[in-house]
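**Student:** Chains as they are written, first to last, in the numbering used here: chain S, 1 to 331; chain B, 1001 to 1516.
A few of these clues could be false.
Stated by the list, open to error - Each computed DMTMM-like pair below joins lysine to aspartate or glutamate, with the alpha-carbon atoms no more than 25 Å apart: (1) B:1161 with B:1244; (2) B:1161 with S:49; (3) B:1195 with S:49.
These are computed hints drawn from the structure, not numbers from a lab. Please read all numbers here as calculations on a predicted model, not as lab measurements.
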Amino acid sequence: MNKFLLMRLLGLIVVLVTMTAVIFLLRQVVPSDPARAAVGPNAPTSVLEAKRAELGLDDPLPVQYVTYLGQLARGDLGESVRTRQQVRADIADTLPASLELAVVAMLLALLIGPGIAVLQSLLPRPGPLRYVLASATSAPIFLTGLLLLYLLWFRLHLLPGGGRSSFADPPAGPTGLLSVDAVLAGRFLVAWDAVQHLVLPALTLALPMAAAIGRSLRSSLIGVLRQDYVRTARSKGLPERQVLRRHGIRNASTGPLAMAGLQVGLIFANLLVVERIFAWPGTGAYTLQALGADDLTAVLGASLVFGAIYIVVNTLVDLAQAWLDPRVTLS
Amino acid sequence: MRAGTLIVGIAAAALLSAGCTAADEQPNAEPSGDGKAAAGSTTLRTAYQADIATFDPDNGFEVAGLGAIRAVYEGLVDYEPGTTDVVGRLASSWTVSPDATTYTFVLREGVTFHSGEAMTSADVKASFDRRATPDLILSYFLANVASTETPDDKTFVVTLKSPQPSFLDNLASAWGPKILGPEALTENAGDDGSKGWLNEHADGTGPFRLASFSRGQEYVLERFEAYWGAAPGFQKVSIKIVPDIGQQVLQLRNGDLDAVLHGYPFTQLAKLPDGLAIESYNDLGLEMAFVNTTRTLTTVEQRRRVAAALAPTGWVQDAFGEFAAPAQALYPKAMLTPETPYAYPTQADSSNAVPALQIAYAAEEASVQQRVADLLIAQLGEAGIEATARALPGSDVSGFIKNLGKAPDIWLAQNNPDSAHPDSQASLFYATGAPLNIFGYSNPKADGLFAEGASATDPAKRDRLYTDGGRLVFEDGAFLPLADVADAIVYREGLSDFGTRPAIPWTLDFGTVRRG
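One chain only, chain S, in its complex shape (with noise of 0.2 Å):
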């Protein structure tokens, strides 16, 4: 266990590394001018030259990425130039948000995938529900938001229709994430209130997931359930319900859970067009401000802490899978 966190461990911190190598590349292939996007269109040329040296844009590319690297092991993140303020502080203002909105997105894709696999299992026509779950699918993200906005805010007035709180004055921390702190606060109103913000965003993110483990988990249930000890189960008069459970979840699971670790990545990429949707004050809708600002200091950190997340979450993945199956080792 310990020289499999370790090689995870090394293996984070290679994948960091090529991410940063890979965008400080690719942003010299885009044509704009960060140190034009950090002064504005209209300053004259003396103060973009004076920003180009205070940004070491003048240096050579090896200089500017090993500066960066170097800051990056003092847990630097840099300056956004958007915001004029540290990136690390940014995202440590918003990253919460989106993590409680991905959280909330996870459980319920994990709650619906399940469902919608032992539904199937259960209808004696489950063709239906599959078409219904293509659908679900194949639709564009956004055009699922804007749906769910539409029909359950704009028309049936159910749901709020945006940000984070209808409160003035919501708890701010010790967590962050707002439906916690609330109840921690003993204010259990913004508590409800925050939850109900949660709802259309989460379930927004949460249905690609949960139709892809839901088919993912459908298909291992259907082989799982062919095995003899499954038979011998039915045979002693147990319940399908129960051989479901009992028997068949927990064997198939394997697979599926494999398909979440991978869709956690699908997330948090989806997180940008979510959070601008709902206007959820996130690192997604942070990060799309800074790409539209020119702001590579920021997309920098941002992907690099999605990166981190991504593979911690595969790893608790892992470990998970190797709890659920005797048979997989860890290595």
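Once you have looked at the hints, place chain B on chain S.
**Tutor:** Chain B alone, transformed into the frame defined by chain S:
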């Protein structure tokens, strides 16, 4: 007890408790869903599509956020609402020396900062000194200032290095120098000249104080009760960040917003739902075509043929409806009206072969520019010229000059100059080496006329010089003025006194707007 039952029990208890605490907590939202302004509400609710990058009035160039910053900070002078006339704001009057290099401002009585201190000339000098700090982005506004003096508490004297007739426009500009209070400049100066503190805090003199700054979420302004001028109509202004304009439109229709300040889709303006109204005004954003004279359209004859095809009289109304008129010059009409409008060629020699053209525009402006591009492609097609269009990241513009061979042939954009003085337009776009002379065009004769105009004190002579300089670059086909486009604020009925100014884009005046 099974885990599931326990969880349900805790959730039920939490919900019951939520009911018990309802009396102590109320959410902010005041939706009415009927499109009318919520009666009796003392909060003006609006939204921005992008974060206010910084609340520091000396270090931010972004257009979004101008309305909020101007509600909190004021300068010595301002533009009168609805005009480009410079009037006093924190200065009650001023005189200019005969050699036009010394400006003596008499400061207004009874002005107090939000921190409680009375404003004196020392505060004005400190603010100007800070603005002139080279590492601040907007320091160039005071590049021609040689010195500042404070002979007494109510007098502030600025001496310029050379005459600059556009100086007062610089001060009145949306991004012009603002007067900052001691809480900003002294108490929170820190090691960085207050840059860090001023990012998200403020100490100004305006009708509102910055009550809260939650980046990415909401900014709240509260009425400043000791304001020297007329009290604002609202107790509070709430500005949420709603990046998607479609969401803003839905929130307006749902009653969650009182106004959408900018970006309401043009195609929907003609058929607004009941309860919504439009306040439109001409700002200084001129719809223009920048022409790359080095790639495909290398001869004047080719560019004249293209200009003839793009003549705006044929398509402007299709693109903008009643909210635009064909441009008359390379200056927005709120800035300058030429004695003789520029005339597009009516007949062009079709024997001048023009290869297929690439038109491009900023993706951020796609909601407007895509339609313009489609219409231009149709116009060019009728003239026998093939063209395609695509959206590019707006930031790519700064890189065109590095590789003109790969840059598009025509770039469509609406840009806002710094002020209402024609020099801010010419020196931003048309002069050799101008920041937004994106294809590196150069016309020394036009440059000479612009330089002469910059030092002209007679407005008629000034306008003539700038017009003539602009005409040269227009006739060379390098810059094509297409349309004067009006900005549109869509609001829930019941609001009035918007205080819009042509030189202050994308916003109304939070200090003057009121219900009724």
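**Student:** Confirm or reject each hint.
**Tutor:** Here is what the structure says about each hint:
Between residue 1161 of chain B and residue 1244 of chain B the CA atoms are separated by roughly 46 Å; this puts the pair beyond 25 Å, and the hint is violated. A C-alpha spacing of about 22 Å is found between residue 1161 of chain B and residue 49 of chain S, which places the hinted pair at or below 25 Å, so the restraint holds. For the given pair, residue 1195 of chain B sits about 20 Å from residue 49 of chain S by alpha-carbon distance, which is consistent with the 25 Å threshold.
This entry does not satisfy hint 1, going by the numbered hints stated previously; all others are met.
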